[in-house]
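Spelled out, the chains give:
There are 4 protein chains.
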Amino acid sequence: MDSGTSFFGDLLGTIAERGRALLDLGRERRPAGAVRAAHVAELCERLLSGQGEASGVALAQEILVAYRGLKTGERVAFFETLAVAFGPDSLRLDRAIAAHAASPGARTVAELHAASEPRRQELIRRLNLAPGATGLLVAMRADLLDSLTRRPDLAEVDRDFTHLLASWFNRGFLVLRRIDWSTPANVLEKIIRYEAVHEISDWNDLRARVDSPDRRCYAFFHPALVDEPLIFVEVALTREVPDAIAPILETKRTPLDPKTAKVAVFYSISNCQKGLGGVSFGNFLIKQVVEEISREFPALRTFVTLSPVPGFRAWLDGELANSASLAVTAEDRAALEALGRTGVPEEGARAALRPVVEALAAYYFLVARSPKGKPLDPVARFHLGNGARLERINAFGDLSPRGMKQAAGLMVNYRYVLEDIEKNHEAFFDRGTIVAAPQVRKMLRADSQQKLPAVREAAG
Amino acid sequence: MDSGTSFFGDLLGTIAERGRALLDLGRERRPAGAVRAAHVAELCERLLSGQGEASGVALAQEILVAYRGLKTGERVAFFETLAVAFGPDSLRLDRAIAAHAASPGARTVAELHAASEPRRQELIRRLNLAPGATGLLVAMRADLLDSLTRRPDLAEVDRDFTHLLASWFNRGFLVLRRIDWSTPANVLEKIIRYEAVHEISDWNDLRARVDSPDRRCYAFFHPALVDEPLIFVEVALTREVPDAIAPILETKRTPLDPKTAKVAVFYSISNCQKGLGGVSFGNFLIKQVVEEISREFPALRTFVTLSPVPGFRAWLDGELANSASLAVTAEDRAALEALGRTGVPEEGARAALRPVVEALAAYYFLVARSPKGKPLDPVARFHLGNGARLERINAFGDLSPRGMKQAAGLMVNYRYVLEDIEKNHEAFFDRGTIVAAPQVRKMLRADSQQKLPAVREAAG
Amino acid sequence: MDSGTSFFGDLLGTIAERGRALLDLGRERRPAGAVRAAHVAELCERLLSGQGEASGVALAQEILVAYRGLKTGERVAFFETLAVAFGPDSLRLDRAIAAHAASPGARTVAELHAASEPRRQELIRRLNLAPGATGLLVAMRADLLDSLTRRPDLAEVDRDFTHLLASWFNRGFLVLRRIDWSTPANVLEKIIRYEAVHEISDWNDLRARVDSPDRRCYAFFHPALVDEPLIFVEVALTREVPDAIAPILETKRTPLDPKTAKVAVFYSISNCQKGLGGVSFGNFLIKQVVEEISREFPALRTFVTLSPVPGFRAWLDGELANSASLAVTAEDRAALEALGRTGVPEEGARAALRPVVEALAAYYFLVARSPKGKPLDPVARFHLGNGARLERINAFGDLSPRGMKQAAGLMVNYRYVLEDIEKNHEAFFDRGTIVAAPQVRKMLRADSQQKLPAVREAAG
Amino acid sequence: MDSGTSFFGDLLGTIAERGRALLDLGRERRPAGAVRAAHVAELCERLLSGQGEASGVALAQEILVAYRGLKTGERVAFFETLAVAFGPDSLRLDRAIAAHAASPGARTVAELHAASEPRRQELIRRLNLAPGATGLLVAMRADLLDSLTRRPDLAEVDRDFTHLLASWFNRGFLVLRRIDWSTPANVLEKIIRYEAVHEISDWNDLRARVDSPDRRCYAFFHPALVDEPLIFVEVALTREVPDAIAPILETKRTPLDPKTAKVAVFYSISNCQKGLGGVSFGNFLIKQVVEEISREFPALRTFVTLSPVPGFRAWLDGELANSASLAVTAEDRAALEALGRTGVPEEGARAALRPVVEALAAYYFLVARSPKGKPLDPVARFHLGNGARLERINAFGDLSPRGMKQAAGLMVNYRYVLEDIEKNHEAFFDRGTIVAAPQVRKMLRADSQQKLPAVREAAG
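Chains as they are written, first to last, in full-length UniProt numbering: chain A, 1 to 460; chain B, 1 to 460; chain C, 1 to 460; chain D, 1 to 460.
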């Protein structure tokens, strides 16, 4: 029984509605003679020059609607204009530099800061005046990211988008929601669409993941974004730390009574908004979900992931191609023949391959490093950077085509121990230390042990 | 019958709850040996230096709670540290200036911008990581504003707060809510407390203003601010444009059937959050409320204010003290004796005073100007800047002690004509034009007519 | 923008939650040594004899949980006990009859009424004390209905259930909700499951019906029933009165801009709760949906159904088998050969069959009657009884296997003209009049015209 | 964080809205030539005779609106018609009696029951078709109750209202809500208005009762009743079982940290709806609130009331007037002189009076009985009937004018021990046993001990 929060509860309904209305507007007006990029830029200039806000809202809305009417090429042209014509006011900047040179002080620095701010930052803030605009600005940035590959010169425009979006999507504004079978279909549909790790094949598959007593799903939302999860995590409650993904994804399994669970497994984390790329939420999400689950099941104490190792196969292939590899022995090379390029080795072959894969995986995680001294694997960088430790290596944990292709079937568990997170995190960033469980370290062959950069053995 | 927005509706309940929780935390931990300002600054340094976000949320929360434990003097000391120790990184700035001088380009400008950003901006953003932090940051800025009068050196800190709050409280994030008798009491209580124009004496007075069929009240809310209206407006639906406030505030009047109303009168607009001073919402509020009311009563076409004139009496006293005044004639001086310094002149005296006050009021609004060419009256600057026009001058419209003291009883109506707003607004900002109804202009004495700077006569 | 209703809004969340909790309870405790029917009856006796309500809630809950543990046979045994042991108190009844005979009056009649009330009515009311019980009582009645076919002696038990459910599910307690793509998945899932007229094949099919701009779906809910629609109607917005179902069900069609629609077509109405059989909602639903749609699209004026004719083929077969049939001519018999028993005749054959089918359909609706003078078709009885008129006959409007089998492809439109509903309804019940459009009547062959019982021609 | 209940949450908003709409309707149409009672009865006859529901909703609404237009006398006339003209169908009843006499059986009994049902029951059910009607029917019954004192002949009409309202307001349909400072003002206002035990003087007093950390307030609501609590209870969290009301009502007291509370005190229970008189909720409310509070504060174990004793003074006066009283001794009579008829005795006098009042109070509760063997005090009958025990007698616990007048200042604590409730309740109803704490029993003078009917001593 909760009380009294619903007056505010209604607010968001209002936001969602008008967001949808604005989207519809865009959809409706788009057709026929779409307004050209130049015209949009002109409107932007007007919006920016307005001294008051008399018609700011309407103008912002007009621009956003017009933008949606542009074709891809026209959108790039619009970004170009943002880059060229909406940078800092160079006259003002020169004057600010001169003033600072003449008599430096807090005031001249402040003016230097103001004068060097690209005018598009204020433009983006004013575009956000339109109710429901935030979602459209996120979509605009997704377009921009698409252009970036061919147009690296637009990076400075992207920097301004990122700056503002990071401020607006500050963790303090996000809200965690459980996703379950009573969640609206338009949100669930997005869970299906955005699942990036282990594809959700259909609504039955989805239901198995969100509506079983031993499954949980949580997402972050932002008040200004309509019906749109930002990031979500899928959790399985189990008795043991799992070593393979298939039993978890099995839709026909008998669910566990969650009260008897000992372990919470984060088996999939997906970002949903391309336009928010680079604004990181995952770390906050994991920690808050650990809190939520701890509250629901106080007896449950082990929080692990079951994670893919997307960089393993490419690294392994590189080492195999390198005759001077320090990681791969001649015996490894011989044994790895059985792995093949496609398909899954038979059970017998897998048993034989297991120690080889484990030793190499240990090398990949503990010894190999990027030029900057970071782990090679992006997922490892994420979880270890969050303060997790490498708990276990599971050869052939993922026999799906993707799992075989990216990681020769390899999966790992990262473990989140609340009391150690801070310590691990600092060790990782300050000294590049990778904290790993003893069992992982033991997989490393004796000779590789000596190559170990900074690895700390976890306590238990 | 609305559908499906309630999933999101719940989000805000969550926000509100945790906001309250954080506030409670502050309240509980505050006592005895409050953590000192220096320690808070130390924690800030740690928060800022954290490479990841591992413990950012907890740290931010700790700082906010510790801040609440500081006494006034300690808070000022803390702001001082923000000013002195959390400005831009001067080493980096020097390098950025040198690099820009050597070979100017987009990249060097960007670095110039980044290097000149005071470190406290990022600090404030990180403080906002804590769920519910936004409200506490707004309160922190209220403290800062209090200090500013004696400590103008803190203005640069204030500039950074303002910058971020303006971005976070962007109109696109605000939500309009009607305030009525089914609004939660903790919100209504704040309406009573924040009413700044015509005091609400008690709950009965409040009820007369929000729960009569011919009254409306609307407020803007921000999703991250707990139970807190940002600004609200009180509206009376009437048959005629009113010329006095008392009949509107009368709690015992017989309400009008709102379907027969011809005029919506905005008779009170109050900002609620001291900590958001300088972030302007009023303009947006008025325009959205005009839309709301137009939707509810499509036949209603006249939107006016009944506004105080807070600067009139001071100006008048100044002119009277100035023997060379161009505004005041000898006859005026004689007549104004009847006004007295306190109390309300009797009805007969008021009738005699009326033409004098009207003529002087017309002069005050239409002829007198600030050195920058703006109207002298702050309320006039607000509404005329929003694109309203000066519709009518009402001598003795407010006989309350405050009304007499500030404005010799004078009130005016500003009128919002949707189609003219843009035009009026631009004329006001571009040419300093004050748009006034013919009846106002006619009040000006013939000789003053010639002194008119830019006044446009409104059409009807 | 709505205000202030959300405090109450939360109430239902509470109801829903505890309903689910009770269901879960039942699910969990069911296994192993299920409590026997006799024991349940014993508990019922205890519940009924309790003088106060001290433990009524707990006892009611225990009974409902125990009931769910019973197997089918045991449930029937339980109903038997309700029939035999929970009828009226015969001693009290005899005394009441005697007292009434001795000195009849309001008081003796009241006692007669009280004494003749089966004790199970009060039992059912007390079972409803348990929070969330209503849904379980509806499910219990569904079981009872299942038993009735083989156990007509249980009809008296059913009468009491019906009496109470009709009172509790009074239209005044029902709430209309729009069903769309932001409806929770657990509700949408039931729309898929309960659709009884034109099967919904999967979630995409569902989405086409609830999430297109030219489609609407509405359902009635009861506050005490968890996540459960009671009845729902699917509506298509079209330009013309449709004569076939396939184009409406087509998931790939291009949606119509609803603002240009002229007609709202009720193409599917489904009851959801077997346990509420005999408690009628359809009539209220249609009328309220007409109001909702009229409010959303004031210009839309034509409200029709596109309805199946489930009794047509059986009637036709009966007439064909009856050599003395007044309805079927020798020419009809010859022509109808082309209809076949299964499959759909080719287009040419259909063209030839059309006038024959139309004439016979007109006879079926306008001339043929049940012994009580009612139309033979159950769907016709429903809509005509509601005050609709028979608007159009569409030969081969439904070429699906079911459509062909039940109705030789025949579909009809019933039309709801708000001003005529009352008149039509009364004419139907008082004089058995069937109101039909001129075009329907014209389909009737000249000789059949004379057999017409009561048919009123609709105006336009 | 809760999930997914908000779809249903919205339902009630809808109910509330339409309820208000209907009330407004009544208010508006009432004036001028109010429709007469006879006409209303005529409409009722039409509503009842309608075979279908074609216009039932509209007709029901018309009747309810017309009823609201009637003046008091006309309403009584309307009830009269209900009594006279809407009783059972006597012809049908005679036939049913005859049929039953001829060949009694389940079927004839059923018909007897149906035929003896007053027609107004079905009428009331049909009136409830109108959305929002339930609240108006409750109001109608309040009118009826008003009439009953002078018109006992209307009791049979009241019996039918009670029967239906008891079924509709079954505990299974009620929802418990916490009332606090974020509750809508229109609900809080009713808490002020309906408080029947210890008057709430204004909004500050209210706030002290619902918004202090050591206070709770809970109410039952029904989904169909607009903004209307049915019954509410005020709870104080304290360290000790209190013996006086004044410290609890003190608005300026320092609140207790609720986590350190040992006792929950139910110090006020008020029914809100006159029209639901005789439908009992209090018992359910107390038990559910005990559960709520136990969940919030698992350590809190003692649940007591601090209750008035409204019948004590009248009983005492009766005994004093009775020279043969067994309860009052000559010494008592002498001592009680100090009590006076009005005002509060001084502290010294109170100390002297205390043992006298205690002994007499013990007699009043434990020895004195109604002719039916029940306790004389209505509040005692309520709590003891609910299974509570008499825990303590507090002489001069309520020195307010009402407390002195009704009970010579006496208050008592009843205690709810969850495990004993059932046992106590049965003992009370089966054997008339009053369970009392040893300390209460000891207050009884030795000679009275022997007169004890059934009193069981509570364990601890």
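Worth double-checking, as some hints may not be accurate.
Which copy is meant is left open, so a pair is good if it fits within one copy or across any two.
[Claimed, not checked] Quick list of in silico lysine-lysine cross-link-like pairs, DSSO-like style, CA-CA up to 27 Å:
1. K405 with K423
2. K252 with K190
3. K274 with K259
4. K262 with K274
5. K423 with K451
6. K442 with K423
7. K259 with K372
8. K190 with K423
9. K451 with K71
10. K71 with K252
11. K259 with K374
12. K405 with K71
13. K252 with K442
14. K190 with K442
15. K262 with K190
It should be emphasised that the hints constitute simulated quantities derived from the structure, not laboratory data.
**Item:** Structure versus earlier hints - violations, ascending order
**Value:** 1, 3, 4, 7, 8, 9, 11, 12, 13, 14, 15
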